[in-house]
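Chemist: Following the hints, complete the assembly by docking chain D onto the known chain A.
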Amino acid sequence: MVDYMNPLTYIPILLVVLAPIIGGLLMGIDRKLTARMQNRMGPPIIQPFYDAIKLWGKEPFIASRLQPVLAFGYFGFSVAAFALLAFGQDMLLMIFTVAAADLCLVASAFNSKSPYSNIGARRELLAMMAYEPVMMLVAVSIFFVTGSFMVSAVLQNATPLLTLLPLVVIAMVPVLVVDMKKSPWDVSTSSHAHQELVRGVYTEFSGYTLALVELGHWTKLALMMGFISLFWAPNLIVGAALAFALFFAVLVIDNSYPRLDWRSMVKNTWMLGFLLVIANIVGLVARAVIMA
Amino acid sequence: MKTMTKARLKSPWVLHFDCGSCNGCDIEILAALTPKFDVERFGIVNIGDPKQSDVLLVTGPANKRNQRVLKNLYDQMPQPKAVIAIGECACTGAMFHNCPNTLGGVDKVIPVDVYVPGCAARPESIIDGVVLALAKLQKVSEGEKVN
Chain A
1 MVDYMNPLTY IPILLVVLAP IIGGLLMGID RKLTARMQNR MGPPIIQPFY DAIKLWGKEP
61 FIASRLQPVL AFGYFGFSVA AFALLAFGQD MLLMIFTVAA ADLCLVASAF NSKSPYSNIG
121 ARRELLAMMA YEPVMMLVAV SIFFVTGSFM VSAVLQNATP LLTLLPLVVI AMVPVLVVDM
181 KKSPWDVSTS SHAHQELVRG VYTEFSGYTL ALVELGHWTK LALMMGFISL FWAPNLIVGA
241 ALAFALFFAV LVIDNSYPRL DWRSMVKNTW MLGFLLVIAN IVGLVARAVI MA
Chain D
1001 MKTMTKARLK SPWVLHFDCG SCNGCDIEIL AALTPKFDVE RFGIVNIGDP KQSDVLLVTG
1061 PANKRNQRVL KNLYDQMPQP KAVIAIGECA CTGAMFHNCP NTLGGVDKVI PVDVYVPGCA
1121 ARPESIIDGV VLALAKLQKV SEGEKVN
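In the order they appear, the protein sequences are chains A and D.
Numbering of the first sequence is given in this note's numbering, commencing with residue 1 and proceeding in unit increments.
Numbering of the second sequence is given in this note's numbering, commencing with residue 1001 and proceeding in unit increments.
Next comes chain A alone, as it looks inside the complex:
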């Protein structure tokens, strides 16, 4: 029975409402830190919000009738995935909901004649292929510890997951690089000045549809950060620090590597991801056998 009088009941709802704002602030911190790493001043931390508000007020250029629906779908599914995490629901369902959000983006990009948009969409599909199986294996490795795919089971776990699954956390770094669209694997689109496919998968978005896609991207970033926070589960403040450490690692990688092609993306995320996660699961099982 849900206790409606207890203020703690409303924390997940508050988190879902705040998720795009947290993600937007993280994007602002990302741009500031990147600028400092390049010996620049960088924009203010709330710059992403200026961008999104401005985009919302631009004249709408709609590429196809389906495009606004799919842009809302990308944002909606991202928020739904975050809600599943915040309410302590199934991790596999959360990963599938993220995939649904990405499919909205890809379908919208395919739904135009622009070759840039089409190639960007194909590369976005490859990016999904690169990181989704690793995310799935990460969920499986958490299952080996808690005996459940539920996020709530992780929150009730007494020992932090990081102590049992250190290799899994390292496997999350390439996943995060691909998901945040950072060098060396920002193949589908890039937020930086080195344009290759104009704007790749984002090419045909403009005005409020682009603002929605940006909001969806921020929510997904907040989701990934929240998911990584679970690795220090009972104490989520330390977990958030862990998530920020991985975020910082991704920025360092972004600023030290040039862009590589999609082959290296799939090969490296799979090799690193599969090897590290499976090695960790084997270690867990071996430990359980020895203890028994």
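One or more hints might be untrue.
As the list claims (entries may be wrong) - Straight line, CA to CA, 30 Å or less: simulated DSS-like cross-link-like pairs of lysine-lysine:
1) D:K1036 / A:K32
2) D:K1071 / D:K1006
3) D:K1002 / A:K32
Claimed, not checked - One-sided and incomplete, this derived list gives chain A residues near chain D with beta-carbon spacing under 10 Å:
4) R40
5) F49
6) Y50
7) F61
8) S64
9) R65
10) F143
11) F205
12) F247
Please keep in mind that the hints were generated in silico from the structure rather than gathered at the bench.
Every residue, glycine too, gets a C-beta built ideally from N, C-alpha and C.
Modeler: Here is chain D on its own, set in the frame of chain A:
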């Protein structure tokens, strides 16, 4: 100031089009993105997609060969937008005056809001030009009729 106007002034994304310039002005535009001038601190991003940009930077004289491309790029930019002609050639045609293949300044093809003279225009004056274009965006955003 209204939130929307403020957001527009804080986030001008630029599109850069070379209309046949000698690359002198283009190099100066790109110099403005480097750590020394760092235009990103004003929220200026070189976006490269006409559908997502607010300010069009044109270098070089308008000519018969690519006036169609220039017009097309201008039409693909959603309102509110501003155009900056950078360098002597883009402002007036300059040394290409009376050449049979050129039309003169960029304003022969599309309406120009700000002229940044110089051969080549310096990064400081280009940044000044973008700031002047922002004044136009502010007027449009506040509902005044411009041009």
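Chemist: State for each hint whether it applies.
Modeler: Going through the hints against the structure:
no.: 1; hint: D:K1036 / A:K32; in the structure: holds, 16 Å
no.: 2; hint: D:K1071 / D:K1006; in the structure: holds, 29 Å
no.: 3; hint: D:K1002 / A:K32; in the structure: holds, 25 Å
no.: 4; hint: R40; in the structure: holds, 4 Å
no.: 5; hint: F49; in the structure: holds, 8 Å
no.: 6; hint: Y50; in the structure: holds, 4 Å
no.: 7; hint: F61; in the structure: holds, 5 Å
no.: 8; hint: S64; in the structure: violated, 13 Å
no.: 9; hint: R65; in the structure: violated, 17 Å
no.: 10; hint: F143; in the structure: violated, 42 Å
no.: 11; hint: F205; in the structure: holds, 7 Å
no.: 12; hint: F247; in the structure: violated, 20 Å
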